[in-house]
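Novice: Residues per chain are reported as follows:
Number of protein chains: 2
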Amino acid sequence: MDAAPRHDTGIRRRSYGGLTEMSGFLLSLAQAHVYAADSANPQIADPGTAQISVLAVIRANPGIRHGELADMLLIKLAYLTKLLKGFEAQGWVHRRSNPSDRRTVELTLTREGEAAVDRLLPALRAQDARRQSGLTPREMAQLKRLLCKYLDIPASATTASGDDAAGSG
Amino acid sequence: MDAAPRHDTGIRRRSYGGLTEMSGFLLSLAQAHVYAADSANPQIADPGTAQISVLAVIRANPGIRHGELADMLLIKLAYLTKLLKGFEAQGWVHRRSNPSDRRTVELTLTREGEAAVDRLLPALRAQDARRQSGLTPREMAQLKRLLCKYLDIPASATTASGDDAAGSG
DNA sequence: CCCCGATCGTTTCCATGTAAATTTTCTGGC
DNA sequence: GCCAGAAAATTTACATGGAAACGATCGGGG
Chain H
5 MDAAPRHDTG
15 IRRRSYGGLT
25 EMSGFLLSLA
35 QAHVYAADSA
45 NPQIADPGTA
55 QISVLAVIRA
65 NPGIRHGELA
75 DMLLIKLAYL
85 TKLLKGFEAQ
95 GWVHRRSNPS
105 DRRTVELTLT
115 REGEAAVDRL
125 LPALRAQDAR
135 RQSGLTPREM
145 AQLKRLLCKY
155 LDIPASATTA
165 SGDDAAGSG
Chain Z
5 MDAAPRHDTG
15 IRRRSYGGLT
25 EMSGFLLSLA
35 QAHVYAADSA
45 NPQIADPGTA
55 QISVLAVIRA
65 NPGIRHGELA
75 DMLLIKLAYL
85 TKLLKGFEAQ
95 GWVHRRSNPS
105 DRRTVELTLT
115 REGEAAVDRL
125 LPALRAQDAR
135 RQSGLTPREM
145 AQLKRLLCKY
155 LDIPASATTA
165 SGDDAAGSG
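Protein sequences appear in the order of chains H and Z.
Heads up, our numbering is the position in the first sequence plus 4, with the first residue counted as 1.
Heads up, our numbering is the position in the second sequence plus 4, with the first residue counted as 1.
Hints were generated in silico from the structure; no laboratory data involved.
Every value quoted in this text rests on a predicted model; they were computed, and no experiment measured them.
Every residue, glycine too, gets a C-beta built ideally from N, C-alpha and C.
Treat the hints with care, as some may be off.
Among the chain Z residues that face chain H by a calculated CB cut under 10 angstroms, a handful are [claimed, not checked]:
hint, residue
1, L23
2, G28
3, L31
4, H37
5, A64
6, E72
7, D75
8, M76
9, L84
10, E143
11, Q146
12, K148
13, C152
14, K153
15, P158
All chains should be built: construct the whole structure from the sequences, respecting the hints.
Specialist: Okay, structure coming up:
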């Protein structure tokens, strides 16, 4: 992992030149850190974290539309279309045209898709839990709370897994 | 006039399906949020935030090598090579071969490169300052502190505002 | 010296994600 | 019914960034 400097001409203190005062820079760096760790985990690298997120949201919101999904995950419809094509080819997602508005498509997971989420999401959770860096559990909780507020999303909207309208149709 | 949904079948509470419990997901979302805002700012969208970061670090560390730079910014050497080629074409960066180790290259900014940083970095800072979301200044400072600790980098040695009294609770 | 392994930078190819334009459908005014 | 405008999804072209393989150089052992 860490190798000693082989021909170092002296300790050189490298500086970020003030970049670390900017939240945007720190978030980019943190996200890169997460990406590196996630893509090194073969359990979740295959579909990728972005794809797992899409599947998880579809499962939590059966019948969701493309636009809502893109809006929640801050990705563009164009890219979502590509992802969903892949998912359909995999047999994980079903697209049903909405008869009351034929522009829209309602997304649901197939049986196989649910099985995939059951396999992938725990692996992703485990990966995330393993990544507690140097933060204490309390600091990690604080970080999550601040990020939720930053993003203007409920801090733990789904912790209680509200089974609203589950399987009612 | 209200832009009310015209044919909504009812208020649908969309859920993230437990994703918001994961720090990695929140960081991805936050970074996407930042990216969207930054790329909408014509003052900094032209070279892009990643490029500005590279220039800022070269300026803060004249003579830095490719590998050190990639290591600090958590990007790969392969991509850094592309960026530096662009910078050289722009006349912003100078590469000097190190005579004591001819594999390595020492990077410095040209006069024009320094001018570019002088123009771009303040714009980036302003963009960042403008993005205080729903967080209070105190919460934003706390977020930065936690991210620095998360990344294991010194927490803004040059922070202008005083240290907070929050402590580590 | 020459070979061999390690390190540094580059090149090539590929995955990820966006922007702009297009298609289809819904809504409202005539 | 028909046309104009808005909204939802798709397609096409492109930018951003990584993975793997490569060439060049250093350093140590025969």
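Novice: Quick check: which numbered hints come out false for this structure?
Specialist: Those not satisfied come down to hint 9.
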